[in-house]
Amino acid sequence: GAVVSQHPSWVICKSGTSVKIECRSLDFQATTMFWYRQFPKQSLMLMATSNEGSKATYEQGVEKDKFLINHASLTLSTLTVTSAHPEDSSFYICSAREISGFFVQYFGPGTRLTVT
Amino acid sequence: GQQVMQIPQYQHVQEGEDFTTYCNSSTTLSNIQWYKQRPGGHPVFLIQLVKSGEVKKQKRLTFQFGEAKKNSSLHITATQTTDVGTYFCAGMETGANNLFFGTGTRLTVIP
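Line by line, the protein sequences are chains A and B.
First residue of the first sequence: 1, per my numbering; consecutive thereafter.
First residue of the second sequence: 1, per my numbering; consecutive thereafter.
One or more hints might be untrue.
Claimed, not checked - With a cut-off of at most 27 Å between alpha-carbon atoms, the simulated BS3-like pairs for lysine-lysine come out as follows:
1) A:K66 / A:K14
2) B:K56 / B:K70
3) A:K41 / B:K70
4) A:K41 / B:K51
5) B:K70 / B:K36
6) A:K14 / A:K41
Calculated from the structure, these hints are not laboratory results.
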């Protein structure tokens, strides 16, 4: 099956610093990647849709200047949390959709961010 | 905006009992997908339903898509401890580009 990786799997950073999370589709090309945020025992909240070579589309309430998304190639998207605060601590999950797929999304293992 | 609700939010069953979770969308969907997330893990794709009234089976799991393409269900027969996790439906609105996840149903199986 399609494999999506994320790096790092967990990160602890100090308040005010920035953190970059990478999402890669390992064995397929993805024109579209998605970034989700999940709080404990809650559902996945779509943050933004990332399209290769163009600007990301952010969901309502998500600050685009705080959560910078770059989709530089068909296999890589990055999410940078800028000037992180403790309330940004969460589980961030990316997913990727195959070019030829019927809109099935394959998820990465997630990145647990803790801001101290 | 699109909303996808799931019921129940939690379900505790004795091993061997059946389990069903229901998913309802506020809008008509082009397709619906089901995912399973184990505790501490990430969502894993289970199945996709596209056609009105479609029924698909995977061993003990039966998935249905409503005639109006606004609701869906997942039924597990004779649950096992390996079925533990949160089951999410995710719907894609007709003409849209992304999935909206349901609220999830957390299944606990008591041995």
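Quick rundown of the hints versus the structure:
Note on K66 of chain A and K14 of chain A: the hinted pairing holds, with a Cα-Cα distance of about 16 Å set against a maximum of 27 Å. Restraint check: the Cα-Cα separation between K56 of chain B and K70 of chain B comes to about 17 Å, which is no more than 27 Å; the hinted pair holds. With a CA separation close to 25 Å, the supplied pair K41 of chain A and K70 of chain B stays within the 27 Å bound. A hinted pair counts as satisfied when its Cα atoms are at most 27 Å apart, and K41 of chain A with K51 of chain B does not qualify at roughly 31 Å.
Our distance criterion of 27 Å between C-alpha atoms is met by K70 of chain B and K36 of chain B, whose separation comes to about 20 Å. With a C-alpha separation of about 25 Å, the suggested pairing of K14 of chain A with K41 of chain A holds against the 27 Å cut-off.
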